[in-house]
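Chemist: I would like the entire structure built from these sequences, with the hints used as guidance.
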Amino acid sequence: DSGVTQTPKHLITATGQRVTLRCSPRSGDLSVYWYQQSLDQGLQFLIQYYNGEERAKGNILERFSAQQFPDLHSELNLSSLELGDSALYFCASSLTGRGKGYTFGSGTRLTVV
Amino acid sequence: QKEVEQDPGPLSVPEGAIVSLNCTYSNSAFQYFMWYRQYSRKGPELLMYTYSSGNKEDGRFTAQVDKSSKYISLFIRDSQPSDSATYLCAVRRGSTLGRLYFGRGTQLTVWP
Chain A
1 DSGVTQTPKH
11 LITATGQRVT
21 LRCSPRSGDL
31 SVYWYQQSLD
41 QGLQFLIQYY
51 NGEERAKGNI
61 LERFSAQQFP
71 DLHSELNLSS
81 LELGDSALYF
91 CASSLTGRGK
101 GYTFGSGTRL
111 TVV
Chain B
1 QKEVEQDPGP
11 LSVPEGAIVS
21 LNCTYSNSAF
31 QYFMWYRQYS
41 RKGPELLMYT
51 YSSGNKEDGR
61 FTAQVDKSSK
71 YISLFIRDSQ
81 PSDSATYLCA
91 VRRGSTLGRL
101 YFGRGTQLTV
111 WP
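Chains as they are written, first to last, in my numbering: chain A, 1 to 113; chain B, 1 to 112.
Simulated from the structure, these hints should not be mistaken for laboratory data.
Note that this is a predicted model, so its numbers are computed, not measured.
A portion of the hints provided could be inaccurate.
[Stated by the list, open to error] Not the full set, but computed from the structure, chain A residues with beta-carbon under 8 Å of chain B:
hint, residue
1, Ala56
2, Ser106
3, Gly107
[To be verified] Listed next, the in silico BS3-like pairs over lysine-lysine satisfying Cα-Cα at most 27 Å (straight line):
hint, chain 1, residue 1, chain 2, residue 2
4, A, Lys57, B, Lys70
5, B, Lys70, A, Lys100
6, A, Lys100, B, Lys42
7, A, Lys57, B, Lys56
8, A, Lys57, B, Lys2
9, B, Lys67, A, Lys100
10, B, Lys67, A, Lys9
11, B, Lys42, B, Lys56
12, B, Lys2, A, Lys100
Cβ coordinates follow ideal geometry from the N, Cα and C atoms, glycine included.
Modeler: Below is the structure:
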C-alpha cells in the first residue's frame, strides 16, 4: 500500500455522463498530481495542486476540472464523457515541491461505453 | 516530437539475463531523470533517480545518463521473474518537484 488512496478502483459509465474521481494523499503530503494513462498516449500530466491551490496545469481538457480541499484530498471531475476518455487515472502526492519523485496511488480505471 | 521517447517493446528475456532499457529526451532543460516500475493494475513506483550524467547503481539496477546525447538507460543484472513489469522513464526540468514527462513504458517479461 503506497499510502495514496484512490476511489473508486473501477468505473463504467456512458458517453455524455459526468464522474468524480477521488484521491486521498499520503498523510502529511501537501501536493497532489493527476495523471491520465492510456495505451496510445502513456502517462500524461493533467494538473497539480499544492495545499489547496492550483500549481501547474498540463494537458487537461476543458471538460475536466479538479480541486483540492482543506483536508488535502482532491477530486477530479470529468464531464461530457467521450469514448476516448477511457483510461487509467492516477493520483500522486508529495510532501513539498522538493524531492526525488512522488508516490502514486493504484489508479481508477474509467471505461466509457 | 514528444519530450521523451521510449521503445514500448515488449521485451522477453530468460531469468538471469542482463536487460537494457532506453529512452531519449528532446530538451536539454531536463535535468532530473527517473525510472519507475509499474506492475499490472498498480501505480508506478520510483525505482531509480539521478541528476548528473554518469552511472548510478542500486543493487541489480544501474541507471545511466548521457546528457550530451540526451540518452538515459536502465540496466538490470541477473534479471528475475519478479522484475516482470512495465518500466517507465521520466524526466523533469528543475529541482522543484512538479510535472514529470514520462516515456510510454517498456513491458518486460522475465521467464524462468
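Chemist: Now look at each hint and say whether the structure bears it out.
Modeler: So, going through the hints one by one against the coordinates:
Interface hint status for Ala56 (chain A): upheld, as the beta-carbon distance to the closest one in chain B is roughly 6 Å, under 8 Å. Residue-level restraint check for Ser106 (chain A) holds (minimum Cβ-Cβ distance to chain B is 5 Å; threshold 8 Å). Among the interface hints, the one on Gly107 (chain A) holds; its C-beta lies about 6 Å from the nearest C-beta in chain B, closer than the 8 Å criterion. For a cut-off of 27 Å, the pair hint linking Lys57 (chain A) to Lys70 (chain B) stands: about 25 Å separates their Cα positions.
Between Lys70 (chain B) and Lys100 (chain A) the CA atoms are separated by roughly 20 Å; this keeps the pair inside 27 Å, and the hint holds. Between Lys100 (chain A) and Lys42 (chain B), the direct Cα distance comes to roughly 20 Å. Compliance with the 27 Å bound is thereby established for this hinted pair. Proximity of Lys57 (chain A) to Lys56 (chain B) is assessed by CA-CA distance (about 32 Å); at most 27 Å being required, the pair is judged violated. With a C-alpha separation of about 17 Å, the suggested pairing of Lys57 (chain A) with Lys2 (chain B) holds against the 27 Å cut-off.
The straight-line distance between the Cα atoms of Lys67 (chain B) and Lys100 (chain A) is roughly 19 Å, inside the 27 Å bound, and the hint therefore holds. For the hint linking Lys67 (chain B) to Lys9 (chain A), the alpha-carbon distance of about 39 Å lies beyond 27 Å, and the restraint is violated. Of the pairs offered as hints, the one joining Lys42 (chain B) and Lys56 (chain B) holds, with about 26 Å between alpha carbons and a cut-off of 27 Å not exceeded. Between Lys2 (chain B) and Lys100 (chain A) the alpha-carbon distance is near 23 Å, which keeps this suggested pair within the 27 Å criterion.
Going down the numbered hints, you'll see the structure goes against 7 and 10, while the others check out.
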